[in-house]
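**Student:** This is what each chain is made of:
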Amino acid sequence: GAGVSQSPSNKVTEKGKDVELRCDPISGHTALYWYRQSLGQGLEFLIYFQGNSAPDKSGLPSDRFSAERTGGSVSTLTIQRTQQEDSAVYLCASSWGKGETQYFGPGTRLLVL
Amino acid sequence: QKEVEQDPGPLSVPEGAIVSLNCTYSNSAFQYFMWYRQYSRKGPELLMYTYSSGNKEDGRFTAQVDKSSKYISLFIRDSQPSDSATYLCAMDTSGGSYIPTFGRGTSLIVHP
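Protein chains in written order, with our numbering: chain A, 2 to 114; chain B, 3 to 114.
Honestly, the hints are just simulated from the structure, not real lab data. You may find that some hints are simply not true.
In silico DSSO-like pairs for lysine-lysine, Cα to Cα no more than 30 Å straight-line [said to hold, decoys possible]:
id, chain 1, residue 1, chain 2, residue 2
1, B, Lys4, A, Lys99
2, A, Lys12, A, Lys58
3, A, Lys58, B, Lys4
4, A, Lys58, B, Lys58
5, B, Lys72, A, Lys58
6, B, Lys58, B, Lys4
7, B, Lys44, A, Lys58
8, B, Lys69, B, Lys58
9, A, Lys16, B, Lys44
10, B, Lys44, A, Lys12
11, A, Lys18, B, Lys44
12, B, Lys72, B, Lys4
13, A, Lys99, B, Lys44
14, B, Lys69, B, Lys4
15, A, Lys18, A, Lys58
16, A, Lys99, B, Lys72
17, B, Lys69, A, Lys99
These numbers were taken from a predicted model, which means no experiment stands behind them.
Throw the hints in and build the complete structure from the sequences for me.
**Tutor:** This is the structure:
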């Protein structure tokens, strides 16, 4: 079956612009996670959704970052007024439920010039 | 000090070698230990999953956990060029925190 998909696969933007990153989880997975992976760094947790609600937003690095999930499926991560330090790979994962095995998408490579 | 330490490498070995990948950690509450494999320009995929101390074997892969030393290892026997990837360890506490703490990943290169 289809895995987790993310779009775009690559995004180049100018400093100060807003970007939207999309994640399509595996069908039926209720839990969805966003991570950030910077060069040479481990995965940095950003936010977790159970259904459409986000009980844990503790990883969002600033108020420029926001995310939503609609219909218990697709999620969008929005970064406003992008900064160069936002350049990273943004990974989405989904699972059947809290604590279950996470399946990752291929990521969106964001470069802020 | 980071909660999970992992040498980023790269680790370069000849085909057929036994590979040892390791992580150390500081949080004694970690009970679940995972290894993910990440190929270039792909997302991580779960390779091995162990609970508490001991060994777990799956084909050419063996995961080992030593909670007394706060040290985990992944061994790859008869390594193949297709094993070339970044290997990330990840750990979670009991009680379902659901957000594992990941290491930085070790880049492995298996050359023919």
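**Student:** Now, for every hint given, state plainly whether the structure supports it.
**Tutor:** Now for the hints, and whether the structure bears them out:
| no. | hint | result |
| --- | --- | --- |
| 1 | B:Lys4 x A:Lys99 | 25 Å, holds |
| 2 | A:Lys12 x A:Lys58 | 24 Å, holds |
| 3 | A:Lys58 x B:Lys4 | 21 Å, holds |
| 4 | A:Lys58 x B:Lys58 | 34 Å, violated |
| 5 | B:Lys72 x A:Lys58 | 29 Å, holds |
| 6 | B:Lys58 x B:Lys4 | 26 Å, holds |
| 7 | B:Lys44 x A:Lys58 | 25 Å, holds |
| 8 | B:Lys69 x B:Lys58 | 14 Å, holds |
| 9 | A:Lys16 x B:Lys44 | 26 Å, holds |
| 10 | B:Lys44 x A:Lys12 | 16 Å, holds |
| 11 | A:Lys18 x B:Lys44 | 26 Å, holds |
| 12 | B:Lys72 x B:Lys4 | 13 Å, holds |
| 13 | A:Lys99 x B:Lys44 | 23 Å, holds |
| 14 | B:Lys69 x B:Lys4 | 17 Å, holds |
| 15 | A:Lys18 x A:Lys58 | 23 Å, holds |
| 16 | A:Lys99 x B:Lys72 | 25 Å, holds |
| 17 | B:Lys69 x A:Lys99 | 25 Å, holds |
Hint compliance for this structure: hint 4 alone is broken.
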